[in-house]
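Enquirer: Please work from the sequences and hints to get the whole structure.
As a plain string of letters, each chain reads:
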Amino acid sequence: MAITRREWFQSVAFVGGLVPATSLFKTFAAPPKVPLLGPGKIKIQLTVNGQVRALEIEPRTTLLEALRDHLALTGAKPVCDRGACGACTVHLDGDAVCSCMLLALDARGRSITTVEGLEHKGKLAPIQEAFIEHDALQCGFCTPGMIMSCQALLGHNPQPTLDDVKAAVAGNLCRCGTYPKVFAATMAAARKERHG
Amino acid sequence: MADKIKTTVGWAGHTETREIELPDGEPPPWDANSQLKIVSGRVARVDAPLKVTGRAKYTWDLRFPGLLFARVLRSPYPAAKAAKIDLAKAKAAPGVRAVWSEPAGKKILYQGQEVAAVAAQSLQEAEDALALVEIEWEKAPHATDTESARKKGAPMVFPAESQPPPRRVPSGAEITHDGNLRTIVATVGPDVERAFREAEVIIEGGYRTQVQTHSPLETHGAVARWEGEALTVWTSTQATFGVRDQVAEAFKLPHEKVRVLCDYMGGGFGSKLSGGAYGLIAARLAKDAKAPVQVMLTRHEEHLVAGNRPDSTQWLKLGAKKDGTLVALHLKSYGTAGVGVGAGVAGPMRSLYRIPSIKTEESDVFTNAGAAAPFRAPGHPQGCFSLEQAMDELAERIGMDPIALRKKNLKNAVQAAELDRLAHKLGDKWSKRGKAGAGKGAVRRGIGLACGLWYKNVNPQTAVEIVKLADGRYEVRNGAQDIGTGTRTLLAQIAAEELGVPMEKIVVRIGDTSLPHGPASGGSSTAPSLAPAVRAAAFKLKQGGKSANAPRAKEYDALEDQIGGVQAAEVEVDTETGQVRVVRVTAIHDCGRPINRLTSESQINGGIIQGVSYALFENRVLDRNTGQMCNPNFESYKILTANDCPEIDAEIFDVANAGNNTSTAGIGEPTTVPTAAAIANAIYNAIGVRARELPIGPEKILAALRGGK
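Protein chains in written order, with the numbering used here: chain A, 145 to 340; chain B, 586 to 1294.
Keep in mind the hints are simulated off the structure, nothing from the lab. Keep in mind that this is a model prediction, so the values were computed, not measured. Note that beta-carbon positions come from the ideal geometry of N, C-alpha and C, so glycine has one too. Keep in mind that the hints are not guaranteed to be accurate.
Unchecked claim - Simulated crosslink set (DMTMM-like; lysine to aspartate or glutamate; CA at most 20 angstroms straight-line):
| hint | chain 1 | residue 1 | chain 2 | residue 2 |
| --- | --- | --- | --- | --- |
| 1 | B | 642 | A | 213 |
| 2 | B | 1223 | A | 225 |
| 3 | A | 267 | B | 1089 |
| 4 | B | 1285 | B | 1157 |
| 5 | A | 310 | B | 1234 |
| 6 | B | 906 | B | 789 |
| 7 | B | 993 | B | 1145 |
What the hints assert, rightly or not - Here are the computed distance ranges between Cβ atoms for each label pair:
| hint | chain 1 | residue 1 | chain 2 | residue 2 | range |
| --- | --- | --- | --- | --- | --- |
| 8 | A | 204 | B | 1019 | 56 to 66 angstroms |
| 9 | A | 196 | B | 690 | 54 to 64 angstroms |
| 10 | A | 184 | B | 1055 | 46 to 56 angstroms |
| 11 | B | 652 | A | 204 | 18 to 28 angstroms |
| 12 | B | 1128 | A | 314 | 50 to 60 angstroms |
Expert: In structure tokens form, the structure reads like this:
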């Protein structure tokens, strides 16, 4: 018994009819003028891992779908598709975000970094090295998201406490149960960055 | 000619020499005296660089030219008939290349059952087209919880003659049927009623555990591609060969026409031991579309149809002498595996302690819900939850230390030694723990422990091939999959050790049924099947030649035929809010001679973390009025997060068991068995009342505190 969008708007309008006309006027009378996109594909550009990439996508495409299905960057994983698990985490201007909760076109003009972009001149980032050394992964499906959350933390806070690390990955689910080693790896990577 | 050799078995401070018969061509077992360089060390996973860079390709990540994406339409109702199914509009929708449906009139037994599917050029188009499938439903009465399914006159989920057969029946057991209820009654030793009359102390209690979904992060799914009459299936699986056999049977193909591949997979925990409807749907759609098709479940579908750990309602009676000697055990339990089987919980009751007289009456209650699947030590966390609480009650009643009581009755000598080690590690925390419920203040601390065990399982068809490559490296080949336990690394370590070369010289190829036969990753059998076989192959190759293929390696009488472990939990219980926090878990587990301490530790951590999550948070909730799942997602199906994670001290207890040439046993399953029971015992120590129902949420603590003892 799914209701269509039109039925929903009708029911809202009906309820709205009970609201004084003046407030209704304020709410609905003058929608801001925005360009309508779609239906159908549109052309956009995204800056991913330092490169400008051209894509042709439907406006409803999420950033996660754009990365995986249009740019062949499959490091970020689809797991819950609603921002509840963190497996799709990427950086947007250095901040960790769930790429499943963001439309690709809203990422235009921002700097996007995925797990594929962490290596520098063929060398793994310290956080990646630390994950390997501490065995902070098992099946590995949460790992790219986990690493991106930890890397974003180190970017903002190079000397985190254990509680800082826990808070940074509080939104990253791991079903194999690698959390203790994720904590250890991140603390070790922070020490290494500090002392070289 | 078989040689007789001496081998040293045992653990630190407790070794003995045994004589074994060594067949020709078999290496002598690595024993307590073997000095090894790579095996038993802490070795980083060989595939870790691919996993930390996003380069490891999982089934979700596969992309081929012309790949189609499919979505499955599932029944929203728990019991119904799909009277009419009209695919015409869906078929004509943009991008659609193939459609499939069950025949009209198909009977629906659970919410989420597959009814139709659409393959299109994009997932968005497949989803759009799925909304155009028209179905005329005829709803039927349902029973989704054990209480209503057990009532007289409840709707029958299956007619009695078509109930799925039980998975395991102890020898001599009796099976009875009553509506949706099927009961297996098994006894050990003399009459249990008479034995209870001889008991000096009797402990009796009721317990409940909930349904837990496996929730692997990578949902179930497959990609199917036909080339003529040959079918290739890439799938997220724990059993490449099992899936091959199932697919071959479904499409009436010879085994060699089906190839199943699994390079990387994102967790399974028992739910990915069979192929599933999605794989067959992918293959059917791919055949019709003449193009490869990918079917991956959504998180919602995963919760409904991809398996779960059955719930349980248990009544347990334990009889003992005043000196702690167990004399009798009687269990009555029922639970639901939905339309599947396997709700029994008696495993620990029959195998953990020496009990001369046992009677177990376990019932599967069929309900209109998705089928259960084996879940990390099926039945054991549930059974341990009741048995190990009853043991603590008994210890308190007779005024005996819980460790001493267990040691007196344990079957497994290794486990008794592990209890000593645990007591030593805990020190004053255990020996000077407070009396149950004696603490003061709002937040009370407690400590509790529990034992758990699992069985030694081996796949007898395992074979490993090693080929010397032209560049001087060695390629190790086996068709089994790595489910995240470190199978690739284990194979490389053992081959390198036996061949006397660095690990960089070893290339491992796995996850492909065109390679030699390998085990399903279930029953903690992967390592004990593969480790001796790869060593035997390397041993053979050292005798000369460019390649060697070793079939199943020799099994010897092992020191113990169980793998076990003991865990202690320290908790904080807030008596004002009811919140329980697990502060620390100390665990000692054995897996023979560990191959890789680093990855084995990770498995112990994982088992404990899943156990804490099961004890405190997870719960599949079905609405009994609609029969639909209320929390098919990750925001209301609660899984332990980093913030809830206890500090874990995981120790591996080395046992040279000489059960095979590497002294290897599994470790995946026993690590999650005692956790919930240890937490419940710690809660009792903290507040003086028992938590008899999982998950132990704040409301249960507050209710228990209100109800007193």
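Enquirer: Work down the list of hints and note, for each, if the structure agrees.
Expert: Consistency of the hints with the structure:
1. Using a Cα cut-off of 20 angstroms, the hinted pair residue 642 of chain B and residue 213 of chain A holds, with the two alpha carbons roughly 14 angstroms apart.
2. Between residue 1223 of chain B and residue 225 of chain A the alpha-carbon distance is near 16 angstroms, which keeps this suggested pair within the 20 angstroms criterion.
3. For the suggested pair residue 267 of chain A and residue 1089 of chain B, the alpha carbons sit about 19 angstroms apart, so the restraint of at most 20 angstroms is met.
4. Among the hinted pairs, residue 1285 of chain B with residue 1157 of chain B is consistent with the structure: their alpha-carbon atoms are about 15 angstroms apart, no more than 20 angstroms.
5. Our distance criterion of 20 angstroms between C-alpha atoms is met by residue 310 of chain A and residue 1234 of chain B, whose separation comes to about 18 angstroms.
6. Proposed proximity of residue 906 of chain B and residue 789 of chain B is supported: the alpha carbons are some 15 angstroms apart, at most 20 angstroms.
7. For the given pair, residue 993 of chain B sits about 17 angstroms from residue 1145 of chain B by alpha-carbon distance, which is consistent with the 20 angstroms threshold.
8. Distance hint check for residue 204 of chain A and residue 1019 of chain B: the Cβ-Cβ separation is about 59 angstroms, which falls inside the suggested range of 56 to 66 angstroms.
9. A beta carbon spacing of about 56 angstroms between residue 196 of chain A and residue 690 of chain B agrees with the range 54 to 64 angstroms that was offered as a hint.
10. Separated by about 54 angstroms at the C-beta atoms, residue 184 of chain A and residue 1055 of chain B satisfy the suggested range of 46 to 56 angstroms.
11. About 20 angstroms separates the C-beta atoms of residue 652 of chain B and residue 204 of chain A, a value consistent with the hinted range of 18 to 28 angstroms.
12. Checking the proposed 50 to 60 angstroms range against residue 1128 of chain B and residue 314 of chain A shows it holds: the Cβ atoms sit about 55 angstroms from each other.
Consistency with the previously given hints is maintained throughout, with no hint failing.
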